[in-house]
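These protein sequence lines are chains A and B, in that order.
For what it's worth, our numbering labels the leading residue of the first sequence as 1, then goes sequentially.
For what it's worth, our numbering labels the leading residue of the second sequence as 509, then goes sequentially.
These aren't lab readings, by the way, just hints derived from the structure by calculation.
This one's a predicted model, so the numbers in the text were calculated from it and none came from an experiment.
Yeah, the Cβ is synthetic: ideal placement off N, Cα and C, and Gly gets one too.
Hints may be right or wrong, so weigh each one.
[Said to hold, decoys possible] Computed footprint of chain B on chain A, listed as stretches where at least three residues anywhere in the stretch have a Cβ under 8 Å from a Cβ of chain B:
# : region
1 : 176-188
2 : 285-291
[Stated by the list, open to error] Simulated coverage check for chain A against chain B, where a stretch passes if three residues somewhere in it have a Cβ under 8 Å from a Cβ of chain B:
# : region
3 : 41-55
4 : 229-235
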Amino acid sequence: MKLLAGALLSGVMMLGAGSALAQQPGGIVNVATIGEPPTLDPMVSTADLVGIVTQHFFETLFTFDKDWNVTPLLAESLPEITDGGKTYTIKLRTGVTFHDGSAMTADDVVASLKRWMDLASRGKQTAGNIDKVEVVAPSTVRIVLKAPYAPLLALLSFNNSAAVIMPASKMSNPLTEPVGTGPYKLKERKPDQYIQLVRHESYKPRAGSADGYGGARKPLLDEIRFVPVPDANTRIEGAISGQFDYVDSLPVESYDRIKNLQTTKPVLLKPFGWPVFVMNTKQGVMANTDTRMAVRLALSMEDMLAAAFGSKEFYSLDAAMYPKGYVWHSEAGTEGKYNVADADKAKALLKKANYDGKPVRILTSRQYEFHYKMAQVAAEYLKQAEFAVDMQVVDWATLTQRRADAALWDIYITHSPFLPEPALIGQLSESSPGWWSTPARKAAVDAFNTESDPKKRPALWAEVQKVMYAETPSIKIGDFNALSAQSPKLDGVMPAPWPYFWNVSIKK
Amino acid sequence: MSRYVFQRLLGMLVVMFVVVTIVFIIVRIAPGDPAAVMLGPDATAQDVSALRTRLGLDSPIIVQYGIFFGQLLQGDLGESIFLNRPVLTALADRAEPTFFLTLFSILIAALIAIPVGIMSAYWRGSLFDQGATTLAMLAASIPSFWLGLILIQILAVRWGVFPVSGYGGPGASLMTRLSHLVLPAISLGVVSSALILRFTRASMLDVLNDDYVRTARSKGMSEFRVIMKHAFKNALIPVLTVIGITAALLVSGAVVTETVFGLPGVGSLVVSAVLRRDYPVIQGALLIIAALYVLINFLIDMLYLLVDPRVRY
Numbered sequence: 001m002k003l004l005a006g007a008l009l010s011g012v013m014m015l016g017a018g019s020a021l022a023q024q025p026g027g028i029v030n031v032a033t034i035g036e037p038p039t040l041d042p043m044v045s046t047a048d049l050v051g052i053v054t055q056h057f058f059e060t061l062f063t064f065d066k067d068w069n070v071t072p073l074l075a076e077s078l079p080e081i082t083d084g085g086k087t088y089t090i091k092l093r094t095g096v097t098f099h100d101g102s103a104m105t106a107d108d109v110v111a112s113l114k115r116w117m118d119l120a121s122r123g124k125q126t127a128g129n130i131d132k133v134e135v136v137a138p139s140t141v142r143i144v145l146k147a148p149y150a151p152l153l154a155l156l157s158f159n160n161s162a163a164v165i166m167p168a169s170k171m172s173n174p175l176t177e178p179v180g181t182g183p184y185k186l187k188e189r190k191p192d193q194y195i196q197l198v199r200h201e202s203y204k205p206r207a208g209s210a211d212g213y214g215g216a217r218k219p220l221l222d223e224i225r226f227v228p229v230p231d232a233n234t235r236i237e238g239a240i241s242g243q244f245d246y247v248d249s250l251p252v253e254s255y256d257r258i259k260n261l262q263t264t265k266p267v268l269l270k271p272f273g274w275p276v277f278v279m280n281t282k283q284g285v286m287a288n289t290d291t292r293m294a295v296r297l298a299l300s301m302e303d304m305l306a307a308a309f310g311s312k313e314f315y316s317l318d319a320a321m322y323p324k325g326y327v328w329h330s331e332a333g334t335e336g337k338y339n340v341a342d343a344d345k346a347k348a349l350l351k352k353a354n355y356d357g358k359p360v361r362i363l364t365s366r367q368y369e370f371h372y373k374m375a376q377v378a379a380e381y382l383k384q385a386e387f388a389v390d391m392q393v394v395d396w397a398t399l400t401q402r403r404a405d406a407a408l409w410d411i412y413i414t415h416s417p418f419l420p421e422p423a424l425i426g427q428l429s430e431s432s433p434g435w436w437s438t439p440a441r442k443a444a445v446d447a448f449n450t451e452s453d454p455k456k457r458p459a460l461w462a463e464v465q466k467v468m469y470a471e472t473p474s475i476k477i478g479d480f481n482a483l484s485a486q487s488p489k490l491d492g493v494m495p496a497p498w499p500y501f502w503n504v505s506i507k508k
Numbered sequence: 509m510s511r512y513v514f515q516r517l518l519g520m521l522v523v524m525f526v527v528v529t530i531v532f533i534i535v536r537i538a539p540g541d542p543a544a545v546m547l548g549p550d551a552t553a554q555d556v557s558a559l560r561t562r563l564g565l566d567s568p569i570i571v572q573y574g575i576f577f578g579q580l581l582q583g584d585l586g587e588s589i590f591l592n593r594p595v596l597t598a599l600a601d602r603a604e605p606t607f608f609l610t611l612f613s614i615l616i617a618a619l620i621a622i623p624v625g626i627m628s629a630y631w632r633g634s635l636f637d638q639g640a641t642t643l644a645m646l647a648a649s650i651p652s653f654w655l656g657l658i659l660i661q662i663l664a665v666r667w668g669v670f671p672v673s674g675y676g677g678p679g680a681s682l683m684t685r686l687s688h689l690v691l692p693a694i695s696l697g698v699v700s701s702a703l704i705l706r707f708t709r710a711s712m713l714d715v716l717n718d719d720y721v722r723t724a725r726s727k728g729m730s731e732f733r734v735i736m737k738h739a740f741k742n743a744l745i746p747v748l749t750v751i752g753i754t755a756a757l758l759v760s761g762a763v764v765t766e767t768v769f770g771l772p773g774v775g776s777l778v779v780s781a782v783l784r785r786d787y788p789v790i791q792g793a794l795l796i797i798a799a800l801y802v803l804i805n806f807l808i809d810m811l812y813l814l815v816d817p818r819v820r821y
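With the rest of the complex left out, here is chain A:
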């Protein structure tokens, strides 16, 4: 997959690689995060914050390079795929040690993959496609599938709900002692105060240069300290005062305050992700395809994005599920179905659907203020199309609970970064809240998931997108950018959806 914001980003990467030659090891960085991760077990959580922190001490067999292609990490190379795409033989790197000093073996890898299939939500989804995972040789493992399943490598590469490798002897549940192979190891965790990581002295980076999340990972810093700072204003002030070397997830309104300063500078990830309105296709008002399409045609994505993100510097209108630059980018199926804001067309569809005026329950949270702002604008456009609207503003914990019950909501609002593999998009799963399950979905998604030829898959993804636009199980609102801040003293920081600090150093 390709991130073509790319010519620019690749240039930056090359500069980063160049500067790595002159980087000096040593020093401590303080990273302000949006809060305390709910767990340090990256298998059991899909929260981004868990992935951001744990990717420094846990590693997967594969990861993503700067163009979002799968690249080996703990595996020696990409797997040998035989038997019509059903058998993956994976050679492991030798000489890799865990933080407790023991050597990584094929037994550890198989035990870890089995734990992932038992505990991780993505692992459980994958387990249905897996016939067996076995040790072939001391440094070779084999995964045998029941049928070809193309997303497997991306799933084994992803850093949340992650298939991380841990020693077979230290994989209790709940995980009490996080021991991985990563460039940093956990020294101390004081909940809500800091998570202290120190260099894994025995870490052997891969040969070659850095390449996105892949390539050589050099633990240049002595320590990384993740400090939870839940209040966004305090994070901004912490960046400006220079207390934190890197500050994650800042409100876009703070951009003007942090540019042109000596203590900090903005880091803009463009584009970062997409806000989405997920429809309850199982029961209630939105179980009708015409009603869902009426919602789509009633909305002004432009006004919603403007209300949510303010300046056009931080958002863009984009009907495609993936922006330009990704190999998955396609306009298929989007024509006349995005940013329409046509109340009359919506009313006609509602008439066809025999809409009885029952309120549309929009479930949203102010935990992400942009969700709430978009919901407010959407409610007004829906009212213009003669929908009755019931806005239900709850905290995020309540939202995640209520959305699991199809009787409680019609639309809920969430967002996602652009995931390297479309099969990872939650709404595509029949079991994900929204419960989209139709013959057209099954045909399109199955064709996409079983095709392992990378050249053929983008066209198949375009077919999935077409069905998504025709049946409207969810509505993508647009693309938005993420703002963070870093000290000018830091060298080697790459804008990334899950920021990482290997290959980062402090300028002397």
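Given the structure of chain A, go ahead and fit chain B onto it with the hints provided.
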């Protein structure tokens, strides 16, 4: 006296039982699910259900209450769902910043409010009195978190005198940790001083016209001795009460200030526990806070015995 103390202690136990029960019920009635929060946004319903079973959250509420109460009688507040440690340990870890923050805030509040309150009463109706009363009104009206943000802006960002947030990194010395408390203590202290100032002023006004003050003056005592030895000592009882209540409020009410300043205290623990629906921590923390409240009130009543010889039980 001992009978009174015994009755008070018994009453405290009843209050605590009621608090425990109400907290348990409220926490369970509130929507939200710790399992869903722990597993993240893309977890399936089956995963959430499996974790609920593991955490014992799928048992009937009365069974959960029985288990909770049984543990409580053995001094066990349970285990945090997210922190993987006993609730008491989690609370003990957070006690230091909250204790010092409360102490410093009360000290700052008292150091501002008591002298200004005394002078305000002494010079009643003067420009000083009017200015002090107006400032007290202003301080009472300012949200402490807003004042906190202003202090961060000036003293931390512009002048760089104090850190913006947190409680020091690994191995931070006590002095470093305490330096993180200066700004939150000022913001809480200033806001809390308003109430104490108004009570001090009102209480002093009551006693300044009493006969014993006039007698003290007629004996030729200096004004300072009259005020401090005779008037203030007798005005102290209501002031002590309000200081005690303010201290109890600070332990539980510094929630927003602790969050703004990123302090890992009891208040921020409660906030994060509520957001994550970490039931054992919410229950344990509220229980301890309620116990502190009850205890502080009890201690204030006992203090009356020392300060006012007329008080006898």
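How the hints compare with the structure:
1. 176-188: Since 3 is at least three, the answer is holds.
2. 285-291: Since three or more residues must qualify, the claim that chain B covers the region 285-291 of chain A is violated, with 0 doing so at under 8 Å.
3. 41-55: holds (count 5)
4. 229-235: n = 5 at 8 Å, threshold three: holds.
Checked against the numbered hints above, the structure violates only hint 2.
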